[in-house]
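Enquirer: Heads up: the sequence shown begins at 384 in this note's numbering, then just goes up one per residue.
No incorrect hints appear here.
Derived DEER-like restraints, expressed as beta-carbon distance ranges:
1. Ile-397 - Thr-480: 21 to 29 Å
2. Leu-443 - Ile-495: 23 to 31 Å
3. Trp-452 - Phe-498: 17 to 25 Å
4. Arg-511 - Phe-491: 26 to 34 Å
5. Ser-415 - Thr-505: 39 to 47 Å
6. Gly-451 - Ile-413: 48 to 56 Å
I should point out that these hints are in silico values taken from the structure, not numbers from a laboratory. Every residue, glycine too, gets a C-beta built ideally from N, C-alpha and C.
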Amino acid sequence: MRRIHLIVGLLGVIAFVLTGLVMARHVPDIHSLSAEVQLMYLSRHIYLLGAALVNLVLGLYMTLNAAGWRRVLQQIGCLLILLSVISLILAFITEPTFGIAGRSWRSFSGLIALFSGVMAHTVTGFARKPN
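Could you put the whole structure together from the sequences, leaning on the hints where they help?
Expert: In structure tokens:
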């Protein structure tokens, strides 16, 4: 599971850089677009970075709990965090051109998945028995 998080995290950081290039090379110039469209591009760009970095950190430091409810909850959290990157990449591609009204299920589900996954890991971390 760590390897998958590491790969998705690295790919997410690469996607973050690429989305930055998309904004820098956008035609028409991103600064000529309305403020709400600029905000949509920038916010989706930052959301993607957050999800990528969470995956990267899990790929470097995560250790699976022993069998039991903590392990199951941790694996559910891992799946949610992995899926958040995909959803947020789709949100960057599809949502900004519609402005604030264009917010769809992609960014919402990506952010909820990221939050829920991190909270699942938080619960399993607090429930872990000290060594």
